[in-house]
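Colleague: The lines below spell out each chain.
Number of protein chains: 4
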Amino acid sequence: MGIINGKQFIERLNQLNNEIWYDGKKIEGKISEHPAFKGCMATKASLYDLQNHPDLKNEMTFQLSNQHEPIGMSYLQPKTKEDLKKRRRMIEHWARATHGLMGRSPDYMNTAIMSIASSASILDGKENCFPENILTLYEKAMAEDLSFTHTFITPQVNRSQTYIELTDKPISARVVEENEKGIIIQGARLLATQGGMTDEVLVISTPKFYKHDESFAFSIPSNTKGLKFICRESFVGGNSFFNHPLSSKYEEMDSIVVFDHVLVPWERVFFYNQFDVATEFMTRSSFHTFGYHQVITRQIIKLEFILGVAQLLVETIQVGEYPHIQEKLAEIIIGLENMKALIEKAEQDAEIDEWGYMCPSMIPLQVASILFPKIYPRFCEIIQLIGASGMISIPTEADFQSTNKEDLQWYLQAKNQSGENRVKIFRLAWDLTMSSFGTRQTQYERYFFGDPVRLSCSLNAGYTKDCFVEEVRKFLHLQ
Amino acid sequence: MGIINGKQFIERLNQLNNEIWYDGKKIEGKISEHPAFKGCMATKASLYDLQNHPDLKNEMTFQLSNQHEPIGMSYLQPKTKEDLKKRRRMIEHWARATHGLMGRSPDYMNTAIMSIASSASILDGKENCFPENILTLYEKAMAEDLSFTHTFITPQVNRSQTYIELTDKPISARVVEENEKGIIIQGARLLATQGGMTDEVLVISTPKFYKHDESFAFSIPSNTKGLKFICRESFVGGNSFFNHPLSSKYEEMDSIVVFDHVLVPWERVFFYNQFDVATEFMTRSSFHTFGYHQVITRQIIKLEFILGVAQLLVETIQVGEYPHIQEKLAEIIIGLENMKALIEKAEQDAEIDEWGYMCPSMIPLQVASILFPKIYPRFCEIIQLIGASGMISIPTEADFQSTNKEDLQWYLQAKNQSGENRVKIFRLAWDLTMSSFGTRQTQYERYFFGDPVRLSCSLNAGYTKDCFVEEVRKFLHLQ
Amino acid sequence: MGIINGKQFIERLNQLNNEIWYDGKKIEGKISEHPAFKGCMATKASLYDLQNHPDLKNEMTFQLSNQHEPIGMSYLQPKTKEDLKKRRRMIEHWARATHGLMGRSPDYMNTAIMSIASSASILDGKENCFPENILTLYEKAMAEDLSFTHTFITPQVNRSQTYIELTDKPISARVVEENEKGIIIQGARLLATQGGMTDEVLVISTPKFYKHDESFAFSIPSNTKGLKFICRESFVGGNSFFNHPLSSKYEEMDSIVVFDHVLVPWERVFFYNQFDVATEFMTRSSFHTFGYHQVITRQIIKLEFILGVAQLLVETIQVGEYPHIQEKLAEIIIGLENMKALIEKAEQDAEIDEWGYMCPSMIPLQVASILFPKIYPRFCEIIQLIGASGMISIPTEADFQSTNKEDLQWYLQAKNQSGENRVKIFRLAWDLTMSSFGTRQTQYERYFFGDPVRLSCSLNAGYTKDCFVEEVRKFLHLQ
Amino acid sequence: MGIINGKQFIERLNQLNNEIWYDGKKIEGKISEHPAFKGCMATKASLYDLQNHPDLKNEMTFQLSNQHEPIGMSYLQPKTKEDLKKRRRMIEHWARATHGLMGRSPDYMNTAIMSIASSASILDGKENCFPENILTLYEKAMAEDLSFTHTFITPQVNRSQTYIELTDKPISARVVEENEKGIIIQGARLLATQGGMTDEVLVISTPKFYKHDESFAFSIPSNTKGLKFICRESFVGGNSFFNHPLSSKYEEMDSIVVFDHVLVPWERVFFYNQFDVATEFMTRSSFHTFGYHQVITRQIIKLEFILGVAQLLVETIQVGEYPHIQEKLAEIIIGLENMKALIEKAEQDAEIDEWGYMCPSMIPLQVASILFPKIYPRFCEIIQLIGASGMISIPTEADFQSTNKEDLQWYLQAKNQSGENRVKIFRLAWDLTMSSFGTRQTQYERYFFGDPVRLSCSLNAGYTKDCFVEEVRKFLHLQ
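From first to last, the protein sequence lines stand for chains V, C, Z and B.
Residue 5 is where the first sequence starts when you use the numbering used here, and the numbers rise one by one after that.
Residue 5 is where the second sequence starts when you use the numbering used here, and the numbers rise one by one after that.
Residue 5 is where the third sequence starts when you use the numbering used here, and the numbers rise one by one after that.
Residue 5 is where the fourth sequence starts when you use the numbering used here, and the numbers rise one by one after that.
Just so you know, these hints were derived from the structure itself, not from any lab.
Be aware that one or more of the hints could be misleading.
Chain copies aren't distinguished; within one or between two, either way the pair holds.
Result set (DSS-like, lysine-lysine): computed pairs, CA atoms no more than 25 Å apart in a straight line [what the hints assert, rightly or not]:
1) K173 <-> K419
2) K378 <-> K29
3) K130 <-> K185
4) K229 <-> K409
5) K469 <-> K419
6) K30 <-> K409
7) K173 <-> K11
8) K478 <-> K215
9) K42 <-> K478
10) K61 <-> K478
11) K61 <-> K90
12) K212 <-> K30
13) K419 <-> K215
14) K11 <-> K144
15) K409 <-> K130
16) K478 <-> K419
The structure presented is a predicted model; accordingly, all values stated were derived computationally and were not measured.
Generate coordinates for the entire structure from the input sequences, incorporating the hints supplied.
Modeller: Right under this line is the structure:
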């Protein structure tokens, strides 16, 4: 056992036969062949192949002392700063292979599993808590190279601060029953990206208000009875790579997860009906820290891609001489370098946590998590501002195969590019920032870490300012 | 003769049989039935019907003294401030019927024809100039209620300030020959919105550099031999109004216009091979002033729609209590009120121009033309910020017709809205700001008036500041 | 009786002998000769002279039917739109004479007196209310051309939303006693601009929480026993107009007003101990509307001055060729034109109010009141960005009178200006935006209308959006 | 020989008797006692004392192998990353002692001397170049702990891009003669901060256009014959620390430096009349890199001070509960953490340069140099936004010593602060951001590194993007 390859991933998923609904129909047949999923499945498969590639295997896997099969590096519990850098290199490899556009590359959830396993002992000895089940899952995930999705967002009838859901019939998923086999979950959760395209679904529910029955955590196979994924409209623009270079490969799909009386067996429950535990687990564990480390690494690669696209556009239409264009490129460079400096500082300032693992410093990661949702939409805007009306002149692959080819090659030529290449480049810029796929990416990154106001308030609340205030007080001789 | 209705418009267009290429294929059959065009055609038809509606006919048409058929109000040459207000009311009616989302409602180009006719005497007595042809066209347009498109943008191999195209074979359309029948045009022009969906194509070409053969103006039927429209990818999301409430109705299509040795008969030529005339005609005529008046009126209606959508979102998810949400709504209100105040000032300060027509004041319109391209993208962003992750949870009409309907109604319910209504509202917000249709709207508005830096420089250059400087000099007793 | 001139104003104020404390000392002798006040007093005197100037008297005064002495136009109760324009012209004259830099030119408070008199009947028949005293004051103010200050801000131990002051000894001024002569006020109020430099002090107190004893309104002479003005540090930079062209003339001073057991005679009380009345009086009367009309008119003149200074700087150092400089000037032009369009719309949309006066439309004024506090600091920044390091190279008048004069003339010369003129221009730009006087102006304008978040929320709350929402609902066929 | 203390510094400067002109008068007597200079001189003296303090001597000095007197750490030529950190610690100590408000603490120019000495060999064997003189100066500077100023800005008759000064009589300082003793300089240079308050003046002149006679570099004593410093108006608000806590200590003064036929002896000349050398020396030497390292370190300490002041204000008026206030604090934290991450990355990525010294990585420093001029003015604005109207209510020390003390203590009290403390805190916030001293600080930081547009263009030009473009090209299979 140990790492899988792309073929194994595809086969395993096809066999699961998860209940996925798309555009009013239940998906029958292989998910890897469904138009809305096949691009993403193929891309994920290529990532699994990547970790088997002889040139990279060394950086994509590690050896557990008690085993001789290689394990995915994303499962590595770091004990040194060098381990952190190893983890970063692995994340970069996968991110680079998808230009940072696949938010749910395998390392994202693998990191989550690794981190909750590392902090599992928080649950030791507490009522309704089963830390051993987390460790078992971690072992199994490593051994079988499992894939996961999760869902963080609860349905909200309204988003008013004071709203509390009080219906008898659950809206947000909650524990409605427990019996000798396990707990029964009823209700829904929103926005499981790649929902149905993974082996398992991890759910960690930490309600806003003091509600025991909404406080639970577990992981179950995606094909568990009663579990249903209802997809949104697909943003795959079509099969043509020429026309939709990004959505044809990276559209990940989001789905609503419905729990219709789903039984979670006891051996799969991490904790339940414990509001305080749920809150503590989220705030004290290393879940966020390692998670942020993965996400921000991926986002940096995405910025490199953005910068590459922006620069290629500038070269194509020869606008590099304009100071305002240079300033816009500099803006992207500044964002990129800021993010790089922050992740490196997080690693430099890493410290051994209470469980013995090398944990990155959280403050620089928090700063990056506030920065990125602001700069990413702005950089997409910059690409639109550079491309200007060219972002709209986008004929298709078929046009270049028709009798109009010669006209298009001639009339759309750029200084150093044929008309066809120019259209390819602009279609890429369009798919990145203006297609339904591109705007979903923007919205996804904008809200990835949560509400921006809350993020800022939380950074401020956790930041030690006493020393600086004290300096001022001393200077003014305040008593 | 006089105003037409929707049916007449559709029939006339279908008969023209213009050469339109879409996705590598020449469109055969009725354009009004082609998936990429039918929504827009139907909407345009409804606008023509609107001017025949008994309740509105009075405000949508006027009577020429020598004729008893009503003429479209967009052709009215205003002689009083009241005429300007009449024009505005007509524009508002058509804009409101399409929420300001149809940039090329008939009044847009009708206004252009009216304005060049009003200033045609600029061309009197000049070489290669035929002002009488403009007047003839204006008469014909009124009599037959013709529809037009035009193209302003030239293909650019590069956008460097100093680049001059020097190929033998034309890229930008130019006059390559003249004979007893007329002038021959060869080359391309970009971005004819609704290209192929109108009776005629108006071309006014004013090159950046001193190039006589790129300086010309004319109007010809869309089905003129050698004239070809190559479309971009369609942004119609599909037939379902539920799924794509806007793109199914308002997607206007943009196309590249290729002139393959096109003969423009002498009686259709306004001027040619006259660089100075081309420049003067654009800067001195009332073309821009009346054009801006039409566009800005439409944009104001669009802002009202944006405000309606934003407020409906706020009510749906009950976030009106948050000060930052209230500030965002106030931001839209401020933009809307600014635009309204500016158009009213332009009308209040209107003056009779050198040809005897009541011409709005240009400065407030210029200010509005710089303001709108900045606020429109921001207001789209505001809608995304209000909608947050809800902008991604968008199941389809088919989902609400499947067995999942009950689940979706329940889990997606809003405080005062069923799940279905909530999804309708979010899909509208998404189609307005995040679908390929929506982002094309944003880019279109952003660049409608041209390069923003140039717009600002031009406002500054034309604005009289001497009096203010003089006040300062006097205050400081400078000699 | 009727309008006074500058000399009368100075003499009356000197005779009052108000209790003003400056830098730890009670001011003895004539206030018009005190270094911290003489510039402002002289400027105010020049404004009173202005209304007597034969060229302007017609526009600065009006005739009451029952009197033959001319009355200051700022006291005119407008009954027609033409009256509103007359009021605006008067405000513009005074503002232009001070470049909009004197926030408390006489028209500001005269307008306040006029507006509360116009709405006085709100108080009719209510307990503890004496509308007749307002009317008497209005008559007296017109007859004697009285000058006023007022104070809006209460001392706040803290600004937390939920803080309520509960000390026994008043901090905020409140009614501590009433007897046969009147009411006794004890406590303080903050930020009376020109406090002590006016004939009277108007106080309208509308507490945040339901506190009767902090709800009152009256006007008393500035030299009333127990009334004390404690000034802040003066921002007069010195006597030299060359060195401090603005602060030497326009520094208005702010003061804390202390009420030490001050008796307000019954005939001076408008209302007291009536929380609901205080709230209604502020929200329903035309106090804000006419006040905004005055302030925004002044602010527009100030923007013209800013534009003049910016343009003069640009010409002096010849940076007009840079697009980013042109964009900055355009930014100021846009701000100025927006404000102008808004005030004109407010006048165009004016309507007769419930008391028979022609009241400007509030929405455009509110929009302007949110806009100005944002653009004014930005425009000051623009001036700093244009001036760059030149804003720091500012030798003094004495330098130009020393043996270094020739060196400075030579080394500091500008293309079309002597070194001395260049320094004069930069010192003006500096005094406007960077001196203590200039930054106080910025802060004053930024907070003139109150907390910006509250202003936006209030605009949003009062703005009718139902029609726009309804359009959207109809479009989506929502039930 | 070696480091000096404060007393030695004061005495040496007083003896120099430099020719300084202030407000039209030549300064006679001790500069350390002149009102415009004494605060700054005393503060500088305290910095020299600091390096002698037993607790810090170890971190503020180092030992040269051939000498036993300690040398100021700012002269250390770093050979390892640890040396870089030592340098940073030294800079931090001095910056912290002045809250980062003294731009020209001794380390600033000492670093410049160290860096040009380190790269002196660039000049080896070139015409009119004397690298040995740089080394001699470096030795002398270390031995005597000399203080320096320099001037970068040339007088500019206009700032148009194409302007070339062509007068016979020099405006910008240039070489007008050379003889056996040295070169003769005539003309002026602008903005020598602390001009006249240092032992020497370093001049490195690198003209914009190809002008040999404006290309030179040297250092001469401040009291050299013909050298004259003409000061701007002083921004010292007064002697009272209570009233002007910052300007009374940190106002550094800027001056115009006039060279009236100044002889620079050959042994003081580094190079002259060599345009290419001047340009190469600036771009290739480590002057900018080490300089940026010093400046950015100081700016970080300044941000800590800003954060302390902001937080103290928030606590004083109890506004910490408002999300928009928390966001503003978070904005400062983000700026601070970004800057910290960048300087650490510059050190982490440091490499041995061509002369064998450990040179920080330039890119992160450049990014920081573009960031800081944007965030610093914004953070000053944030302080004004937090302080609101309280920034204007600023009575003086004398007021608190008058009979009004009790009133002021009572009426201006804050939740946890007496009225006096509250005023102290607000006066500090005011002096930092709104006094003439504070706004000069803002302008100084805004332009410290030069024109922001140029900085961005230069970052973009020097940034390697090929790899990112190549990734995109490969992805699109472009040939």
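Colleague: If a hint holds in the structure, say so; if it doesn't, say that too.
Modeller: Results of checking the hints against the structure:
1. Proximity of K173 to K419 under the C-alpha cut-off of 25 Å is restricted to the inter-copy arrangement: shortest distance 16 Å between copies versus 64 Å within a copy.
2. Within a single copy, K378 and K29 get their C-alpha atoms no closer than 37 Å, and across copies no closer than 42 Å, so neither meets the 25 Å cut-off.
3. Taking the shortest alpha-carbon separations for K130 and K185, only the intra-copy value of 20 Å comes in at or below 25 Å, while the best inter-copy value is 74 Å.
4. In this homomeric assembly, K229 and K409 come within 25 Å of each other (Cα to Cα) only across copies, at 20 Å, whereas the closest approach inside a single copy is 53 Å.
5. With identical chains, the CA atoms of K469 and K419 are at most 25 Å apart between copies only, with a shortest distance of 19 Å across copies and 55 Å within one.
6. In this assembly of identical chains, the alpha carbons of K30 and K409 lie at most 25 Å apart only when taken from different copies (13 Å versus 41 Å within one copy).
7. Neither within a single protomer nor between protomers do K173 and K11 lie at most 25 Å apart by alpha-carbon distance, with minima of 42 Å and 52 Å respectively.
8. Taking the closest pair of Cα atoms, K478 and K215 never come within 25 Å of each other, the shortest separation being 46 Å inside a single copy and 39 Å across copies.
9. In the homo-oligomer, the alpha carbons of K42 and K478 lie at most 25 Å apart only across protomers (22 Å), although the nearest pairing inside one protomer, at 65 Å, exceeds that limit.
10. Proximity of K61 and K478 under a CA criterion of 25 Å is satisfied inter-copy only: 23 Å between copies versus 57 Å inside one chain copy.
11. Within a single copy, K61 and K90 get their C-alpha atoms as close as 12 Å, which meets the 25 Å cut-off; across copies the closest is 41 Å, which misses it.
12. Within a single copy, K212 and K30 get their C-alpha atoms no closer than 33 Å, and across copies no closer than 58 Å, so neither meets the 25 Å cut-off.
13. In the homo-oligomer, the alpha carbons of K419 and K215 lie at most 25 Å apart only across protomers (20 Å), although the nearest pairing inside one protomer, at 63 Å, exceeds that limit.
14. Only within a single protomer do K11 and K144 lie at most 25 Å apart by alpha-carbon distance; the minimum there is 20 Å, versus 68 Å between protomers.
15. In this assembly of identical chains, the alpha carbons of K409 and K130 never lie at most 25 Å apart, being 70 Å within a copy and 41 Å across copies at closest.
16. For a Cα distance limit of 25 Å, the shortest separation of K478 from K419 across copies, 19 Å, qualifies, whereas the shortest one inside one copy, 64 Å, does not.
Hints 2, 7, 8, 12, 15 from the list above are not met by this structure, while the remaining hints are.
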